[in-house]
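Q: Residues per chain are reported as follows:
Number of protein chains: 2
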Amino acid sequence: MRRIMRAVVMHEPGNVTVEEMLMPIILEPTDAIIKLAATCICGSDLWSYRGSEPVHEQRMGHEYVGTVVEVGEAVTTVEPGDFVVGSFCISCGECATCRSGYPSRCTTAATQGDAFVGMRAGGTQAEYARIALADGTLVKTPAPPTPEQLPSLLAASDVLGTGWFAADEAGAAPGKTVVVVGDGAVGLGAIIGAKQLGASRIIAMSRHADRQALARQFGATDIVEERGEEGIARIKELTDGLGADGVVEAVGNEASFDQALGCVRPGGHLSFVGVPHGVSLDMGRMFGAEVHMFGGPAAVRKYLPTMIDLIYRGEINPGAVFDLVLPLEQAAEGYAAMDERRATKVMLTV
Amino acid sequence: MRRIMRAVVMHEPGNVTVEEMLMPIILEPTDAIIKLAATCICGSDLWSYRGSEPVHEQRMGHEYVGTVVEVGEAVTTVEPGDFVVGSFCISCGECATCRSGYPSRCTTAATQGDAFVGMRAGGTQAEYARIALADGTLVKTPAPPTPEQLPSLLAASDVLGTGWFAADEAGAAPGKTVVVVGDGAVGLGAIIGAKQLGASRIIAMSRHADRQALARQFGATDIVEERGEEGIARIKELTDGLGADGVVEAVGNEASFDQALGCVRPGGHLSFVGVPHGVSLDMGRMFGAEVHMFGGPAAVRKYLPTMIDLIYRGEINPGAVFDLVLPLEQAAEGYAAMDERRATKVMLTV
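Those sequence lines, one after another, are chains E and Z.
Per the UniProt record's numbering: the first sequence = residues 1 to 350.
Per the UniProt record's numbering: the second sequence = residues 1 to 350.
Check the hints yourself; a few may be wrong.
When chains are identical, the list treats them as one kind, so a pair holds in a single copy or across two.
[To be verified] Below, a list of computed lysine to any residue pairs in the SDA-like style, where the Cα atoms sit at most 25 angstroms apart:
hint	residue 1	residue 2
1	K140	R227
2	K302	S52
3	K302	E94
4	K195	A96
5	K35	E230
6	K195	S100
7	K35	N317
8	K195	L46
9	K236	A115
10	K35	R341
11	K35	G228
12	K195	E19
13	K302	T239
14	K35	Q330
15	K302	A173
16	K302	P174
17	K236	Q112
18	K140	R2
19	K302	G175
20	K236	E53
21	K236	G72
22	K302	G284
Derived from the structure by calculation, the hints contain no laboratory data.
Hey, can you work out the whole structure from these sequences and the hints?
A: Listed below in structure tokens is the structure:
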């Protein structure tokens, strides 16, 4: 008889409760079952919460850290008792696409119908979750985390990893100037990533005092409060009139794209990791701008070993993005707080 | 008293004649005046010829090879008598943008109002032309060209250089598969570039027998005749179901963009060098495709020394793209031939 657990369900926009659900089970020999230690609410969960994307009786959550409780017979790199972090993108680590640096587009996972966490066995806003292709997806931590390390590992699972990926794709490196458009959790993660990748100058575009402080703490060298054309003009002033070498777009709407595009120097790089909603770009304009552009689901898995290492060495503290921590049972309050902008990022303890 | 020369003028769409004009003179100490040996008609000239872009009494031409006849007092690298090749983009070679690999966006040239050939001193479909920032723009050939080398040097000035740039930005390199969408002169140039950059497999999408033959001669390893969804399916078949590492889009319309985008593997590179007309891309779709995208005026100058060297060593023969050669006086017939697709690329001898 299958056992029962608690898990978050979004019944319809704005209506989130915690319900009893069947516990996940091993479906493939490459699966692992983890007991969640913590999970969180993503900015992307708000699209359906706000009715901008269709939703009906949906299991939620794709960010996770926890302890392995069971593995399929083909799993070799993790075992029950291991504390693990994984990405929302399932990856085998061995196919041509994984090896080319894009585990977020793993061919094996796509073929198996398990490309993203939550597709076949529910989300991670739950007590337990099934993680497919465990060997390629999960990374074991050096030790069980302290309470201080736990939020940072959870951030690595998505927002830090996504921001880091964006900074990398924007060409963050020594001698380079990187602008981050968007001061949400992913934008803040991009600042940490840009700093670790050695960017010489990191300009955060932010007008919220608390996020500016976090941006500075994470490595931003400059803050620009202006937006739109004024913001672009300010970035040009700071970059010899040229624009930045790399720009991270971490919002996803038309205004933020315009702003980001205007801040890149000719030949520079623009990466976008906020899922774009209703943004269309004229290619003639892109031809005129002559900037490299790239976006998509972040290859978080690629950066996990480095991020975990830095967290355990105490060199980065991405967990500081969580400004509200609630038990899983209070998920509804977490959604409301993020929706009403009372919180930047909510951690749910399990 | 200024001397008189002959030059091509487009009076209005479809109406091209050769007229008497004042010869260009040195305007800046960094200028050179060249006597054209040959010039050509560009696919982009057809936009105005066909009335898709406004045109009124316009001097035409931006591709050129010829002999220096006069230099400004600040010019040090070329002198009267030198045979030279240059790009349609004026570049100083010294500003931060030139040094970053994008001489096509030279800051000095833009500041001076001389970013593109033809802006202040007429086009190169003429007996003489003024070339600004001569030291950074012109490259002296090792010797005056033979009649066989002349068309290839002219191709290097734009179509080969543009195609090469596109192949480079598409990531052409050993082990990589590159698809070229568009079998015009730039697409054919991209095949030469991809081969020289070491691409392991070069797939030309072409349905014209004569251009297929040229594509093979230039280095294409495969030809795909299908277009649209069928073409994409064929490329997937040839690439283990993944798509190509790099795709060059050398047409510039909506259908060619769709085809190009569908042929790139996740994480791969799409470069576009055909000036896009009426093409708009949804960024949500780009997020889903997860491909690097880049386009703009080609940094031809960067590749000129290498291209010239290969032409003089007889290793490449890009001049084969010219399938109609006419004297400058017959420019009108050249425009008509390209407009009616009786010619792929027309060379005008001066």
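Q: Each hint needs a verdict: does it hold in this structure or not?
A: Evaluation of the provided hints:
1. K140 to R227: neither (41 angstroms within a copy, 47 angstroms between copies)
2. K302 to S52: Classified as neither; 31 angstroms inside a copy, 47 angstroms across copies.
3. K302 to E94: Answer is within: at 12 angstroms inside a copy they meet the 25 angstroms cutoff, but 37 angstroms across does not.
4. K195 to A96: between (29 angstroms within a copy, 23 angstroms between copies)
5. K35 to E230: The answer is neither: 48 angstroms in one copy and 46 angstroms across copies each exceed 25 angstroms.
6. K195 to S100: This pair counts as both: shortest intra-copy Cα distance 24 angstroms, inter-copy 22 angstroms.
7. K35 to N317: So K35 and N317 pass the 25 angstroms test inside one copy only (24 angstroms; across, 65 angstroms).
8. K195 to L46: This pair counts as neither: shortest intra-copy Cα distance 29 angstroms, inter-copy 48 angstroms.
9. K236 to A115: between (40 angstroms within a copy, 20 angstroms between copies)
10. K35 to R341: neither (29 angstroms within a copy, 67 angstroms between copies)
11. K35 to G228: The answer is neither: 45 angstroms in one copy and 47 angstroms across copies each exceed 25 angstroms.
12. K195 to E19: Close neither inside one copy (41 angstroms) nor across copies (60 angstroms); limit 25 angstroms.
13. K302 to T239: between (31 angstroms within a copy, 24 angstroms between copies)
14. K35 to Q330: For K35 and Q330, only the intra-copy Cα distance (18 angstroms) is at most 25 angstroms; the inter-copy one is 79 angstroms.
15. K302 to A173: For K302 and A173, both the intra-copy (17 angstroms) and inter-copy (23 angstroms) Cα distances are at most 25 angstroms.
16. K302 to P174: Result: close both inside a copy and across copies, 20 angstroms intra and 24 angstroms inter.
17. K236 to Q112: For K236 and Q112, only the inter-copy Cα distance (19 angstroms) is at most 25 angstroms; the intra-copy one is 47 angstroms.
18. K140 to R2: Answer is neither; intra-copy 27 angstroms and inter-copy 79 angstroms both fail.
19. K302 to G175: Both: 24 angstroms inside a chain and 22 angstroms across chains, each within 25 angstroms.
20. K236 to E53: neither (36 angstroms within a copy, 31 angstroms between copies)
21. K236 to G72: neither (54 angstroms within a copy, 33 angstroms between copies)
22. K302 to G284: Only across copies: K302 and G284 sit 23 angstroms apart there, 34 angstroms inside one copy, limit 25 angstroms.
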